[in-house]
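Colleague: One-letter residues, chain by chain:
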Amino acid sequence: MLYKSVNESFNEFLIDRADAKCIRCKVCVRQCAYDVHAYLSGEDALTEDNSLCIGCRRCSALCPTGAITIRSNEESFKANASWSSAHIRNLYAQADTGGILLAAMGNPAKYPIYWDHLLLDASQVTNPSIDPLREPMELRTYLGKKPHVVEVVRDEKTGKAKLATKLSPQLKLEYPFIFSAMSYGALNLNAHKAMAAAAQELGTIYNTGEGGLHKDLYQYGKNVIVQVASGRFGVSEQYLNAGVGIEIKVGQGAKPGIGGHLPGEKVNDQISETRMIPIGSDAISPAPHHDIYSIEDLRQLIYALKEATNYEKPVSVKIAAVHHVAAIASGIARAGADIITIDGFRGGTGAAPQVIRDNVGIPMELALAAVDARLRDEGIRNQVSIVVGGGVRNSSDAIKAIALGADAINLGTSTLLALGCTLCQRCYTGKCPWGITTNNPYLAKRLNPEIGAERLVNLVHAWGHEMKEILGGMGLNALESLRGNRYKLRAVGLSDQAMNLLGVMPAGE
Amino acid sequence: MKNNLKPTHRFEKDISNCGLTGFISKSGKLVEGSVIIKSIALMHDRGNGLGGGFAAYGIYPDFKEFFAFHLMYESGMALQLTEEYLAEHFLIDHHEEIPTRRNAAITNPPAFRRYFVKPLETAEYKEAREFQNMTDEDIIVTHVMRINNEIEGSFVVSSGKNMGAFKGVGYPEEIADFFRLEDYSGHIWTAHNRFPTNTPGWWGGAHPFTLLDWSIVHNGEISSYGINKRYLEMYGYLCTMLTDTEVVAYMLDLLIRKHGLSPELASMALAAPFWDMIDSLPEDERQLLTAIRQVYGSGLLNGPFAILFASNEGLIGLNDRVKLRPLVCATKDDFVYMASEEAAIREICSQPDRVWSPRGGEPVIARLNPGVI
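Protein chains in written order, with the numbering used here: chain U, 1 to 509; chain E, 1 to 373.
It should be emphasised that the hints constitute simulated quantities derived from the structure, not laboratory data.
Virtual Cβ for every residue (Gly too), placed ideally from N, Cα, C.
One or more of the hints may lead you astray.
Residues from chain E that keep clear of chain U, each with C-beta distances beyond 12 Å, as calculated [what the hints assert, rightly or not]:
{"id": "1", "residue": "Phe66"}
{"id": "2", "residue": "Ser75"}
{"id": "3", "residue": "Thr135"}
{"id": "4", "residue": "Asn148"}
{"id": "5", "residue": "Glu150"}
{"id": "6", "residue": "Lys161"}
{"id": "7", "residue": "Asp244"}
{"id": "8", "residue": "Lys258"}
{"id": "9", "residue": "Thr290"}
{"id": "10", "residue": "Thr331"}
{"id": "11", "residue": "Pro352"}
{"id": "12", "residue": "Val364"}
{"id": "13", "residue": "Gly371"}
Covered, in the sense of this in silico footprint (three residues per stretch, anywhere, with C-beta under 8 Å from a C-beta of chain E), are these stretches of chain U [said to hold, decoys possible]:
{"id": "14", "region": "68-74"}
{"id": "15", "region": "143-150"}
30 Å max Cα-Cα, derived DSSO-like pairs, lysine-lysine [stated by the list, open to error]:
{"id": "16", "chain 1": "E", "residue 1": "Lys258", "chain 2": "U", "residue 2": "Lys172"}
{"id": "17", "chain 1": "E", "residue 1": "Lys323", "chain 2": "U", "residue 2": "Lys157"}
{"id": "18", "chain 1": "E", "residue 1": "Lys323", "chain 2": "U", "residue 2": "Lys160"}
{"id": "19", "chain 1": "U", "residue 1": "Lys266", "chain 2": "U", "residue 2": "Lys26"}
{"id": "20", "chain 1": "U", "residue 1": "Lys160", "chain 2": "E", "residue 2": "Lys38"}
{"id": "21", "chain 1": "E", "residue 1": "Lys26", "chain 2": "U", "residue 2": "Lys157"}
{"id": "22", "chain 1": "U", "residue 1": "Lys145", "chain 2": "E", "residue 2": "Lys258"}
{"id": "23", "chain 1": "U", "residue 1": "Lys160", "chain 2": "E", "residue 2": "Lys118"}
{"id": "24", "chain 1": "E", "residue 1": "Lys161", "chain 2": "E", "residue 2": "Lys258"}
{"id": "25", "chain 1": "U", "residue 1": "Lys160", "chain 2": "E", "residue 2": "Lys126"}
{"id": "26", "chain 1": "U", "residue 1": "Lys172", "chain 2": "E", "residue 2": "Lys323"}
{"id": "27", "chain 1": "E", "residue 1": "Lys126", "chain 2": "U", "residue 2": "Lys162"}
{"id": "28", "chain 1": "E", "residue 1": "Lys26", "chain 2": "U", "residue 2": "Lys162"}
{"id": "29", "chain 1": "U", "residue 1": "Lys166", "chain 2": "E", "residue 2": "Lys258"}
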């Protein structure tokens, strides 16, 4: 009997195939990007290699007769509260290969989720709730630096008051959501088309991520933030001026302190042209920006970008939520950023070392609360907008983030899920069976950009409706009256220390 | 002294609903206190006996150059500490007990004194004027915040020139009797009848709330309180009175006195027009109102309210932007009346020239004629 390694024999998933239902159409064989299914022509039978299955559910979703079910493999190692099956499998994998374990998407480990310990308020008797179907209910948000004071002059001819203060450029969002930075290359053009078109339809923004902006997407410029990361992929004067805002990516919640790596196999002609790198060459983003070794360097880059764009675009600086995030954010505000984007440790990635993804960084809820409080203590909260991402799963998480002090929310994982992702966490293989994080044309055409855009629009509309209901229930009719209004939150099951950090009172008080 | 380091997110907001009334003589005619008492007493049922109060303007013409501090003391120690504090920082031109009359309805009143003061030119004062760009008004605000926040049992009821606030636990007509308001005459009067739902009777918690010569009477609940409070804290205003109404006073102080906005524009920030409306305005107005909402979004007062705010400049009435609380206005000759109920106006002005209900978010502004003060 042949020996099979632990990773071959203790596979995560089992494929149940109801032979009586199987019509031998071989859809499963064609759809599986991981070669799990095979057709044995001699026996006219389908078979599978369970050890290759990643649990994406593409086959079971497309099997026309419902013959396939993907199950968790219940066969397990002897129960051990310290050594989980995942620990054992990972250890074997590393003993086999000597390599770093790769992972994708956000931190799935069991850490506290603060959203689930925060509850929202509603009006009763002393204060009427407002019905958003009958009364106006406003979600519009402007991102950018705000002055302390609006100065006004009298128009000499008409005697009317006229604005004298020239505001820094602002990004207008009709919904407080941004389709988060996921690079062209990590995601394919269909996914980018879907995000850009949805942002335009919704009156909100799509962030290019660090892979440049494909020439076909320049038409969406009014709804685009272009990102500048340490690899400077696709950065040109034209690119910087293509959108309405610029983001300097310093860090990412899934992999604080780590750069990025797009394997050369994914760099086709289009990506090569957009990123301005040779076809087939690895695209490596260094861990730091090699022109930012300290805060004063960041200031120089911020102003270099502002110079290059005639001070017409707000500049965001994106950082991962790490231990001293509040002090760092204060430095970023003082360095001249218009927006600070904080990515919590549940934020996604196309590829990251698992040990980093699962252990580095802090929850966005705490980071957001600390940053908002710190900027207020220093009297500079109005100088920057705060955008947060990493772990917002629904409209209630989003509205709790707003109440903690966020101006807007980055949607990364939620965006991918709306496009069809099933969170199998294998983006780094480039074989996404749903056609999202793959540049293989055969797989990529599975994602229809028009349908994708429609689904993204639906998602944001749905969350928008829910947020309006929640606001109305609280007796508020504008989102800015909830923003930073932590009095509308109460905590259940949190320590005093956590409540102090979040700036919320316990339920019942 | 209270501990200043306690976390500011732990607080109890008072929820109260009320009746209010007020009027102004734009030409500065002095009206006796009995008139406003009659108007507010008609709306007896809008309160529950846990708070009544009045603001009166033009009542101290002999001391109009001095900041009139109305102080409330809950203990002898509070009085002693405050008087030491005042003596250290102020030239006190005159001080006295505020005359009161005990009546059966009022139980256990605190002590009230008033002081007519100017800041002393101390080293601290010179530092503030010369190096921190503070005005005399800024310095007064700092002292008010400090007394309210740091001296246990001491509370500044009002601090403006030629005006005063009188308030306490009881129905407004009982409070008026206690403070002998029939003895005062003023050209602007406001009054408040309170229906709090969750506070023990605290004299400081009654309306009006004041800062310098701003006084606010408020019917409603400010649901945006949590962010209004944090926004004001960023500019050094400490919210110490356990109620949402004080944020209105501080917002007005910030927007009008410190930022120089006109009362009209300040009203546009506090009860902002909807974006749909702003978007449809001509370019200049659209830009101005867009900027006001962008910059002062955290100061938007959201939730149901009707507010009267008075100052030495005049009287302003304002409803929330969807008019969830009543406010009726009327004019008669040079008088402008504003009240929760039309009856409260007709009680003291039976034949008004015009009566109307202002729209939500549309301020009614009645200024004193130029040269009146």
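Colleague: Quick one: which hint numbers does this structure break? Sort them smallest to largest.
Modeller: 7, 8, 9, 14, 17, 20, 23, 25, 27
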